[in-house]
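Protein chains in written order, with our numbering: chain D, 1 to 431; chain A, 432 to 672; chain B, 673 to 849.
None of these hints come from the bench; they were simulated from the model. It cannot be assumed that every hint is accurate.
Restraint-style ranges between C-beta atoms, simulated for each label pair [claimed, not checked]:
#: 1; chain 1: D; residue 1: I50; chain 2: B; residue 2: E817; range: 13 to 23 angstroms
#: 2; chain 1: B; residue 1: R757; chain 2: D; residue 2: P320; range: 28 to 38 angstroms
#: 3; chain 1: A; residue 1: E606; chain 2: D; residue 2: E355; range: 29 to 39 angstroms
#: 4; chain 1: D; residue 1: D76; chain 2: B; residue 2: P768; range: 57 to 67 angstroms
#: 5; chain 1: B; residue 1: D774; chain 2: D; residue 2: R241; range: 31 to 41 angstroms
#: 6; chain 1: B; residue 1: D774; chain 2: A; residue 2: D589; range: 49 to 59 angstroms
#: 7; chain 1: A; residue 1: N622; chain 2: D; residue 2: D409; range: 54 to 64 angstroms
#: 8; chain 1: B; residue 1: A773; chain 2: A; residue 2: E606; range: 52 to 62 angstroms
#: 9; chain 1: D; residue 1: E249; chain 2: B; residue 2: R757; range: 37 to 47 angstroms
#: 10; chain 1: B; residue 1: E743; chain 2: A; residue 2: H610; range: 22 to 32 angstroms
Note that beta-carbon positions come from the ideal geometry of N, C-alpha and C, so glycine has one too.
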Amino acid sequence: MVRVSAVGDRDTVADRETLERTADERLVGTTAIERTGAEDLEPAEELLTINMGPHHPATHGVLRLVVNLQGEVVKDLRPVMGYVHTGIEKSCEDKAYWKVIPFVERMDYLSYFFQMEAFCGAVERLLEMEIPPRAKYLRVIHMELNRIHSHLVWLGTSALDLGAMSMFFYCFRDRDKILDLFEMSSGQRMHTRYFQVGGVFEDIPLGFERNLRAFCAEMPSRIDQYAAILDRNEIFLNRTRDVGIVSRERLLELGVTGPLLRAAGEPWDLRKVGHYLCYDELDFKIPVGTVGDGYDRYRVRMAEMRESVRIVEQALDGLPEGPWIADDRKIVLPPRDELSTSMEALIHHFKLVTEGFRVPPGEVYYPIEGPRGELGCFVVADGSAKPARVHFRDPSFVNLQALRDMCLDGYLADLIQNLAMLDPILGGIDR
Amino acid sequence: MKREKLRAAAPLDQPRTPEELRVRQLRARDLLRGDLEGADLERHVEESVLATTFAKAQGWARANSIFPATFGLACCAIEMMSIVSPRYDAARFGAENMRASPRQADMLILSGRVSIKMAPVVRRIYDQMLEPKWVIAMGACSSSGGMFANYAVVQGADKFMPVDVHVPGCPPRPEALLHGFNKLQRQIQGNPEPGWRQRYNAIGTEEWARGAGDDAGVEEQAAYEAARAIGSFPADGGEPT
Amino acid sequence: MPDAPGLELIAQDLNTAFAGSVEETYHEHDQAALIVNPEGVLDVLGWLRDTPGQEYGFMSSLHVADYLPGEPRFGVHYELLNMARVERLRVKVALPDVAGADELPEIDSCVELFPTAEFQEREAYDFFGIVFRGHPDLRRILMPEDYVGWPLRRDFPIGGEPVLFTHNEVEMPRWYE
């Protein structure tokens, strides 16, 4: 209802020219309508708050983003997490040390070997236990295969988000080859429970090495094929070049590690400086980007896949003979064939399976380089057979803080691309 | 040799003599012109038209053109994504078209652990789907809480929504998920497979919800006793109820 | 990791700069840790970050452990990293629990020194109920916003449901209680 000053009134010029809008009381009611700050802005500046997720095809898991948009430009971004929070850290306090291993595997569900290594490595530190060299090499082989697997899934789903659907099928075809290898060594495709405290669960079977060499022989050409599809694709370049740039200093402030940090120009990789497992004996390079945009992140991960293939080949060449798990019967299960002949073996087996091994009191933080960055495991042992606290410093959780910086003042479509290049895995974020 | 046996079992319908060929050509010409009559027409209809009930046809159509809704929550989502990958092709069952919007989907594959924060969201997505809709609970976590018996995970999606097929595994192999999917297809088409209890005549193995308790009302207690009595052997050695 | 003598030197320098901040040091499993008074944590972290010669400019992780029944109850751990020398140092703050039903232990937030702590302090608040004074947006991050209780405290029950076995239900109803 519009009320115009009555024509006959002796009003001032201002009054005659103002138009007042009052709400029609019959429709709206008599209570005052509160106006929030955003509505006081000019229409061109009004912010639209939209909610993306948690059920969304492009959020790489159940991530909810509350985005303030001005037109199509992102003005503010708040991620809401916790939709797949599983209470893994609490469950771990309730279980013996070797029972914790399947729990921590399922955290960041694309890098299960890394989580196993972080936890087993932390417990081995607490026990001051050395694992045999063959176990170190086997662990490295499986971890690097897992890195390639994780990057393949990332590439497939990110390209799918950006519209390149066929990449999804190619990457998953190769991923199946890696999962065949995992199935050969441990019986399971994902979440293999292959690493144990003290080494690996079982030696690799016959035929594993041959299949692995065949895989390593053909994988570089496959990566070249993927690069041929995307590297110089005009649409891909337009979407990823100069998008989502965050400066190296800001990334370091935010605690970001992994390919995101390397793409911004900081050559930081825990495989080179951490001196864990047998990475010191292997020769590999670390790809580092220059600009730090989406395209650099993509190239860094592609190059990392190539380097991982090289690492696997070298590890396979240098694989030493020997035991695949440590000898200490107080911690490691005895081989099954001894159970029928040796009484001590039976007693050890019984104690380990029912109660588990005890770890002397202490606390340790053990970081390794996962596919997304620094994956650290903090274990507090209190002398009993169950850990007192297991905490994982998950790379995706910390990297997610960079999303806001990446997306501010960019378009909504660039947000999708930034999220894809960030490679968040919600299982790790939510634990 | 195997090909000959197959050919003997299902011989090709080729004309054997030139006269037969000529007869078929004339019949085809008449068919195209619309000139078939009488016995010819009857035979043509018999050969080329399939008669069935509407329900069966509907079931067949629904089962072979399911649009799954992408509801990947956790690790099972990766194995669910791999059923549309080339090796475990779900497109051969008509289900490669994963729709993101629940309004356009008719099956929800609940893949992954349902946390207490996510459960209302899942229920809302399920409510937004249009009838007819089905749910596959993929993996141990959505079927029963899986290995996570703690404060944060709902112990089974059954707690808040109806589930048609549970696929066990952690994560189930893509072939296992496709097996569950095939079971659902048979269920949709109207011939559901009997559960293992019928197949093995396993009476008295049902898991019951917690008892009514001492402080429950008389009706609840009676209902509980009646439910317990189904399938159990009566004391006097008669047939199981 | 700074070796044991190096750690002692750091502790001495800190105690001269801010008296009484470092209560103890320990060095085990090749890891160096300082146990710090809760009041002086920001001073210690700032000194470690800014002093030339120390420059632990990267915070790897901020996490809390509940040491019940040990005293003090909570330990807030700051994992610091010097990227140039590749040295890690752990700063552990021994935070006692406060008596009183609705009282929560408090500590200063280090978000201004290390912005990476923003989500990690929210997680510590969510799981342990530790309030970080000065945090821009302290609310629950992983649990639902209206959740009551601090799940990762040791006296919080693990939850879940008991598994029902038909035999036990018949013979011993509600065996789990």
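Hints and how they fare:
no.: 1; hint: D:I50 - B:E817: 13 to 23 angstroms; result: 19 angstroms, holds
no.: 2; hint: B:R757 - D:P320: 28 to 38 angstroms; result: 32 angstroms, holds
no.: 3; hint: A:E606 - D:E355: 29 to 39 angstroms; result: 38 angstroms, holds
no.: 4; hint: D:D76 - B:P768: 57 to 67 angstroms; result: 38 angstroms, violated
no.: 5; hint: B:D774 - D:R241: 31 to 41 angstroms; result: 53 angstroms, violated
no.: 6; hint: B:D774 - A:D589: 49 to 59 angstroms; result: 37 angstroms, violated
no.: 7; hint: A:N622 - D:D409: 54 to 64 angstroms; result: 59 angstroms, holds
no.: 8; hint: B:A773 - A:E606: 52 to 62 angstroms; result: 54 angstroms, holds
no.: 9; hint: D:E249 - B:R757: 37 to 47 angstroms; result: 19 angstroms, violated
no.: 10; hint: B:E743 - A:H610: 22 to 32 angstroms; result: 56 angstroms, violated
Of the numbered hints listed earlier, those contradicted by the structure are 4, 5, 6, 9, 10.
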